[in-house]
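S.K.: Sequence:
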Amino acid sequence: DDFWAQWCHSDHDVELFNDMFGLSLTRGELMRAIRNNDRRILDLWARYSATVMLDVSENFVIKPAKEANRNVRVNLKVAEWREDFAHRGLVLSKLANLFDSIYIGTESREGTEQYNSFLITEYARAIVGGKLKGVWFDTFNGLYSGVIISPNIYLRQLWFSALTTGEIVLFDAYSLTLENRARYVESVKAEEPVIKGIYSNQTMDKLGILMPAVQTSGVVFEKYIHDYLGMVGIPIRPIDPGKIKEGDYVLVTEHLIGVMDVVELARRGVNLVVTSSASELIAEGALGYDGIELLGLAKDNPLLSPVIDVLYFVRGSHTYQHMYRRPQASPIGPVLNVTSGKVLLEASDGVNRYPVIYVNEYGKSRVYVVNVTKYAPYLKDYYPEVVRRTLRDIVFEYIGLRVDPEASFASNFSLIPYTNRHLVVYNMNNHPINAVVTIDTGKLGNVTNAVAVGGRGSVRGVEGGDKVVRIRVNVEGESPLMIKLT
Numbered sequence: 071d072d073f074w075a076q077w078c079h080s081d082h083d084v085e086l087f088n089d090m091f092g093l094s095l096t097r098g099e100l101m102r103a104i105r106n107n108d109r110r111i112l113d114l115w116a117r118y119s120a121t122v123m124l125d126v127s128e129n130f131v132i133k134p135a136k137e138a139n140r141n142v143r144v145n146l147k148v149a150e151w152r153e154d155f156a157h158r159g160l161v162l163s164k165l166a167n168l169f170d171s172i173y174i175g176t177e178s179r180e181g182t183e184q185y186n187s188f189l190i191t192e193y194a195r196a197i198v199g200g201k202l203k204g205v206w207f208d209t210f211n212g213l214y215s216g217v218i219i220s221p222n223i224y225l226r227q228l229w230f231s232a233l234t235t236g237e238i239v240l241f242d243a244y245s246l247t248l249e250n251r252a253r254y255v256e257s258v259k260a261e262e263p264v265i266k267g268i269y270s271n272q273t274m275d276k277l278g279i280l281m282p283a284v285q286t287s288g289v290v291f292e293k294y295i296h297d298y299l300g301m302v303g304i305p306i307r308p309i310d311p312g313k314i315k316e317g318d319y320v321l322v323t324e325h326l327i328g329v330m331d332v333v334e335l336a337r338r339g340v341n342l343v344v345t346s347s348a349s350e351l352i353a354e355g356a357l358g359y360d361g362i363e364l365l366g367l368a369k370d371n372p373l374l375s376p377v378i379d380v381l382y383f384v385r386g387s388h389t390y391q392h393m394y395r396r397p398q399a400s401p402i403g404p405v406l407n408v409t410s411g412k413v414l415l416e417a418s419d420g421v422n423r424y425p426v427i428y429v430n431e432y433g434k435s436r437v438y439v440v441n442v443t444k445y446a447p448y449l450k451d452y453y454p455e456v457v458r459r460t461l462r463d464i465v466f467e468y469i470g471l472r473v474d475p476e477a478s479f480a481s482n483f484s485l486i487p488y489t490n491r492h493l494v495v496y497n498m499n500n501h502p503i504n505a506v507v508t509i510d511t512g513k514l515g516n517v518t519n520a521v522a523v524g525g526r527g528s529v530r531g532v533e534g535g536d537k538v539v540r541i542r543v544n545v546e547g548e549s550p551l552m553i554k555l556t
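For the sequence shown, our numbering assigns the number 71 to the initial residue and increments by one for each residue that follows.
Think of the hints as simulated: they come from the structure by calculation, not from any bench. For every residue, glycine included, the Cβ atom is placed at its ideal position computed from N, Cα and C. Check the hints yourself; a few may be wrong.
What the hints assert, rightly or not - Simulated crosslink set (EDC-like; lysine to aspartate or glutamate; CA at most 16 Å straight-line):
hint: 1; residue 1: K147; residue 2: D170
hint: 2; residue 1: K434; residue 2: E316
hint: 3; residue 1: K133; residue 2: D170
hint: 4; residue 1: K434; residue 2: E363
hint: 5; residue 1: K513; residue 2: D318
hint: 6; residue 1: K293; residue 2: D170
hint: 7; residue 1: K147; residue 2: E128
hint: 8; residue 1: K450; residue 2: E292
hint: 9; residue 1: K147; residue 2: E292
hint: 10; residue 1: K266; residue 2: E237
hint: 11; residue 1: K136; residue 2: D170
hint: 12; residue 1: K164; residue 2: E128
Unchecked claim - Simulated restraints on C-beta separations:
hint: 13; residue 1: N222; residue 2: G199; range: 31 to 39 Å
hint: 14; residue 1: E546; residue 2: K266; range: 42 to 50 Å
hint: 15; residue 1: N516; residue 2: N129; range: 54 to 62 Å
hint: 16; residue 1: R530; residue 2: D370; range: 49 to 57 Å
hint: 17; residue 1: L213; residue 2: Y394; range: 22 to 30 Å
hint: 18; residue 1: D275; residue 2: G98; range: 42 to 50 Å
hint: 19; residue 1: N516; residue 2: K164; range: 40 to 48 Å
hint: 20; residue 1: G515; residue 2: F479; range: 29 to 37 Å
hint: 21; residue 1: D370; residue 2: R105; range: 51 to 59 Å
hint: 22; residue 1: G355; residue 2: G98; range: 41 to 49 Å
hint: 23; residue 1: T409; residue 2: L381; range: 24 to 32 Å
hint: 24; residue 1: Y394; residue 2: N106; range: 34 to 42 Å
hint: 25; residue 1: E137; residue 2: T247; range: 28 to 36 Å
Use the sequences and the hints to build the structure in full.
M.R.: Here's what the structure looks like:
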């Protein structure tokens, strides 16, 4: 994987690329086209890269190995940069047909969102099924060549990997024998019994808003938006697009525009949750007038502005700001010319109000438009808590389960619900958190009690009645807590 990542745009490859498609691009012209998101060139380059990877894999790796030893197993180890897989030729569905098994990288280094260590495994499994045998990660931080990762993030990689698969490879064996890695090895040993206790209660199937597991070649503005959502308590469930059914809730990101027929999904009664970059493309005409109608926009002037600065948010009769040692203004966008739908959350620049989260009825489908995801770091760390709670409201309608920290501001926590009435709340803050787990008994069945069965924390109390049950929990810092509903 890293070899092709480094040599992907060599002069020789540009020559071969030109020959394959009858082009005459220089390397500079190719790189400019890639930087400018030229979809035609990006699609062609993805096809070229896939051809190279498949040819090398089959004829220079697998065949020679099998000829030397017909019983040998050849496994493919791929990295964690899933959004670049197609560009670099890693078409997982095709590679799964060649290799005996696949091990996916769950590195989530310094400066990235660690939810990817969980999500990428679920994503790969949705594409390759049983060919996914395990995961791997190393001890490097990704910011400086050869510099070690911080211990807490190393353990986040471990825990998120363990919450989705039963086989973890610590890479590589030599580096783990070095003296400066000793504490990492010891920390894994210390976590092992806790991991095994939680793993015994896990299921392969999980709950969450659906993420169609497709590989795309284009460059998107909101890369890795799913990881940010996962870090504020939004559970994401990758799925084979062919398994999406009426009544499901599907997250429509920029990745899907032009790749899946999202209008047809809505016509089939699939509910959509449309992110900022996706709604901006639709407002610009990417899906024609059908897309404008899908979002409930004015046909003559659907896009008012790509972005504006706002001072506060409005929900009902209440206003919300988060000003404690933070910038007062925040960017939101796009600003759409909405003509139909119910506004769930507005924002104001001090003069006007703008709908930032609203729902439009489209046939049998509900289309939620969420124009607070374009600047994902603000969603995670700067917007007031009402923004994240409104997003969790939408997911709660679908899965009947949510977790909300008892704080005026909260992020760096994840919810992983399993289909066997077990769930994990993972707190990635250094400090402990108190949180409320809310259950819709109409969707998940009656709940009379809840017990902590793994991790570090406690159940503080269970409240509620026939329709809604609330479970108050405490989760220690940098720890997961597994709860069983009874």
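S.K.: Would you mind marking each hint as holding or not holding in the structure?
M.R.: To see whether the hints hold, each was checked on the structure:
no. : hint                    : verdict
1   : K147 x D170             : holds (11 Å)
2   : K434 x E316             : holds (9 Å)
3   : K133 x D170             : holds (12 Å)
4   : K434 x E363             : holds (14 Å)
5   : K513 x D318             : holds (13 Å)
6   : K293 x D170             : violated (30 Å)
7   : K147 x E128             : holds (15 Å)
8   : K450 x E292             : holds (13 Å)
9   : K147 x E292             : violated (26 Å)
10  : K266 x E237             : holds (11 Å)
11  : K136 x D170             : holds (11 Å)
12  : K164 x E128             : holds (11 Å)
13  : N222 x G199: 31 to 39 Å : holds (33 Å)
14  : E546 x K266: 42 to 50 Å : violated (19 Å)
15  : N516 x N129: 54 to 62 Å : holds (58 Å)
16  : R530 x D370: 49 to 57 Å : holds (55 Å)
17  : L213 x Y394: 22 to 30 Å : holds (29 Å)
18  : D275 x G98: 42 to 50 Å  : holds (48 Å)
19  : N516 x K164: 40 to 48 Å : holds (46 Å)
20  : G515 x F479: 29 to 37 Å : holds (33 Å)
21  : D370 x R105: 51 to 59 Å : violated (33 Å)
22  : G355 x G98: 41 to 49 Å  : violated (31 Å)
23  : T409 x L381: 24 to 32 Å : holds (25 Å)
24  : Y394 x N106: 34 to 42 Å : holds (40 Å)
25  : E137 x T247: 28 to 36 Å : holds (34 Å)
Hints 6, 9, 14, 21 and 22, counting from the list given before, are not met by this structure.
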